[in-house]
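Engineer: Could you put together the complete structure from these sequences and hints?
Chains as they are written, first to last, in our numbering: chain A, 1 to 154; chain B, 1001 to 1503.
Errors might be hidden in some of the hints.
Just so you have them, the derived chain A footprint on chain B, three or more residues with Cβ under 8 Å [stated by the list, open to error]:
(1) 1043–1054
(2) 1165–1174
(3) 1336–1343
Read the hints as simulated data drawn from the structure, not as lab findings. None of the values given here were measured: they were computed from a predicted structure. Beta carbons are placed, not taken as given, at the ideal position from N, Cα and C, and that holds for glycine.
Okay, here's what each chain looks like letter by letter:
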Amino acid sequence: MSDLPRNQHIAASGVIAAVGITLAYVSFTQEPAGAFVFPRLIATVFAVLAIWTFVKALLGRTRVGHGLSGQEMRNLLPGLTVTLIYAFWAAKELGFYTATTIAFFLLLTLYDPASHTSGKTWIKRVMITAGFMAVMYGLFALLLNVFTPREIFS
Amino acid sequence: MEFLFYLGDVFTPVNFGLLLLGTIGGLILGATPGLSPTMTVALMIPFTFKLEPQQGLILLGAAYTSTVAGGAVSAILLKIPGAPANIATTLDGHTMAQNGQGAKALQLSFIASAIGGLFGVFLLIFLTPVLATWALAFGPSELFWLAILGVTVIGTLDSSSVVKGLLSGCIGLWLATIGFDDIMGAQRFIFHPVLGGGINVIPALIGLFAIPQVITMFAKGRANVDAEIILVQRHPIGAAFREVFKRKRALAIGTAVGSIIGLIPGVGGQIAGLVAYDQSKKMSLESEKFGTGHPEGVIAAESANNAMVGPSLVPLLTLSIPGSPTAAVLLGGLLIHGIFPGPGLFTQYPQVVWPFINSMLIGQILMAVFGLLIAGWAANVARVPQAIMAAVVLGLAVFGSYSVQNSIGDVYVMASLGLGMYFLERFGFSAAPLVLGLILGPIAEANFMQGTMIANATVGQATYFFTGGLNWLLIIIVVTSIGYSIWMELRQRRYTTKEDAQA
Chain A
1 MSDLPRNQHI
11 AASGVIAAVG
21 ITLAYVSFTQ
31 EPAGAFVFPR
41 LIATVFAVLA
51 IWTFVKALLG
61 RTRVGHGLSG
71 QEMRNLLPGL
81 TVTLIYAFWA
91 AKELGFYTAT
101 TIAFFLLLTL
111 YDPASHTSGK
121 TWIKRVMITA
131 GFMAVMYGLF
141 ALLLNVFTPR
151 EIFS
Chain B
1001 MEFLFYLGDV
1011 FTPVNFGLLL
1021 LGTIGGLILG
1031 ATPGLSPTMT
1041 VALMIPFTFK
1051 LEPQQGLILL
1061 GAAYTSTVAG
1071 GAVSAILLKI
1081 PGAPANIATT
1091 LDGHTMAQNG
1101 QGAKALQLSF
1111 IASAIGGLFG
1121 VFLLIFLTPV
1131 LATWALAFGP
1141 SELFWLAILG
1151 VTVIGTLDSS
1161 SVVKGLLSGC
1171 IGLWLATIGF
1181 DDIMGAQRFI
1191 FHPVLGGGIN
1201 VIPALIGLFA
1211 IPQVITMFAK
1221 GRANVDAEII
1231 LVQRHPIGAA
1241 FREVFKRKRA
1251 LAIGTAVGSI
1261 IGLIPGVGGQ
1271 IAGLVAYDQS
1281 KKMSLESEKF
1291 GTGHPEGVIA
1301 AESANNAMVG
1311 PSLVPLLTLS
1321 IPGSPTAAVL
1331 LGGLLIHGIF
1341 PGPGLFTQYP
1351 QVVWPFINSM
1361 LIGQILMAVF
1371 GLLIAGWAAN
1381 VARVPQAIMA
1391 AVVLGLAVFG
1401 SYSVQNSIGD
1411 VYVMASLGLG
1421 MYFLERFGFS
1431 AAPLVLGLIL
1441 GPIAEANFMQ
1451 GTMIANATVG
1461 QATYFFTGGL
1471 NWLLIIIVVT
1481 SIGYSIWMEL
1491 RQRRYTTKED
1501 AQA
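Structural biologist: As C-alpha cells, this is what we get:
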C-alpha cells in the first residue's frame, strides 16, 4: 500500500467506477442500438476494470499512486483557481490577450519565489509578462492570423 | 533508394529554415526539465497549421529528435534529466561533469546521439516500405486487433499497474466514441454542446500532456530553482570523436538496443537508455568504472535513446499505430493535414513522407553540430523559475488549443482533460495509454464495424475475428503482453513484500 491515506484511493476509484457503470448503463440503454455496439464493448471492459480497482482500494490493496498531500493541495489551489477562471470564463469574456495578461501576471506573483516587497521584483514581473504577451501576439495574431474572442478594451 | 530522390527537398530555404528552427528550439526546450519531448511536440502542432504538410512534419520531426538529445544537457550539467529518456545519462554524465569533464561528456553525448540516431533513421528508411507492403495483407479484423494491440501494449508496459494501464486505455477509447456516430448519425455521450463534434485530438493532446505538468509545477509552491550549473571547460572535438570510436562496443550496444526497443510499441526511450546502459556495463571490460564518470555509460545511454526515435515511427507510418506517445502526437500532426498513415502512405504522399524522413536524417547531424555549440548556454534555461515555465506553458496551451478550430469549446476540452489527467496521474494512471486509446479508437471502431458487417454477411463474427494466422498472432501478442506485465507486477510485489518482511 502506498503512503497515501486509503480513503483518497477509495474516493478516486469510486468516482471512476461510477463513471464506468454510468457509461455501461448509457451504452446498453440508448437507441439506436447499432450506434452503441462498439461503445458497449468498451464500456463493459471499462466498468469491470473500474470496479476491480474500486474493490482493491476498499480492501486497501492499492499499490500504485501517491495521491495528494495536504501541502501539495494548498500549493496548487491558488494556481488551479486562476487556471480554471482563465480557461473557463476569462478567456471568452475578457478576451484572450487581456485574460492571458492577467492570468500570467497572477501566476508569476503567486509562484515566483522572489520577494514581494522588492520594487525590482514587481518591475521584473511586469516586464516578463509584457514580453510574453508581445511574443504571443506576434505568433498568434500576426503570424498565424488567429481570430480570438473580442477584447473588452477593443 | 527512393529516399535519395527527395533528399533535395530538405534543402529548400523554407524547409531547411524550419529544420534549423525545430532543431535549435528542440535542443533548448529539451534541456528544460519538465518539458518532455511529447509535450514540446504537442505544443508545436498549432504552429504547423499554416505550413504545408511537408513543412509541418519537418518542424515536428526536428523537434522530436533534438528534444531527446537536448535532455542530455541538463542531465550532464545539472543531474536533472531533461526527459525520462536521459535518466541513464545522468549516471556517468554528471559525474564526468563534476570531475571537470563536462565538455567532453556533452561532446560524447551529442556524437553518440547523432550516430545512434542516424542508424535508427536508416532503419526507418529501409524497413518502412517493406513493412508497408506487408501491411497490405491487413483486413478490417487484423486492423481492429492491431489497434487493440497498440492500446494494450502501451497500457500494460508503460504503466506501473496493469489494471490501471488498461483502464486508462479504455478511458481513451471511450473518449474517442464521443460525438456523432459515423454510420447511424446518432449522438453518443454528448453531455455538453461543446462535445457535439467529438473530441478534437490536438486540444486533447495538449491538455493531456501540458496541463498536468503545469499543475505539478503549481504543487511545488514557491520553490527556488537550486540547481547548480557546472561550468564547462574546453575540450578538443577531435579527441571526443576518437573516444567515441574507441568505445565502439558501447556505441554498438546502445545503437542496437535503442533500435530494437524503438520498434516495440510502448517501450520508450527511458527503457532504451537504461537497458543499453545495463548491457553495456555487463559486456564492458571496465565494468567497475561505470557510475564513476565512465565515457561508455554516456555513449551507450545517448546512442540508445536517439536510435529509438526512427524505429518508433515504423509502426506509425506503416500501420497507423503509433509506437510511442510522441509518435501519437506526430500522428495528430499528420491527421490535421488530412494525411492518414498506412500502407498507402508511400505511394499517395511520397512528396510528404520522404522529405520528412530525410529531414530526420539531416536533423541528426544538425542536432550534433548545434548541440555542441549551444549546450553550455542551453543549460541556463533550467534556471528559469518554475512560475514562469508554468505560466508560459499554460498560455501556449490555451492559445494553441483555441487556434485549432478557432473554438472556445476546444479550450474547455483541453483544460478539462488536462485537469482530469493530473488527478488520474496522482492515482497511478498514465497518459500514454489514454492518448493511444483516443487516437486508435476511431481506427478500432471503424474496422470493428466494417468487420462486423462483412462477418454478418459471410462466416459470422466469431469466425471472422478469431480465425486466420494474422488474427491469432495479434491476439497472442495482446494476451502475452498483458500476461507478461501481470507476471512482472506479481514478481515485483513478491520481492517488495519479502524486503518489507526482512526490514
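Engineer: All hints, please: hold or fail.
Structural biologist: Going down the list of hints, with the structure as the test:
{"no.": "1", "hint": "1043–1054", "verdict": "holds (count 4)"}
{"no.": "2", "hint": "1165–1174", "verdict": "holds (count 6)"}
{"no.": "3", "hint": "1336–1343", "verdict": "violated (count 0)"}
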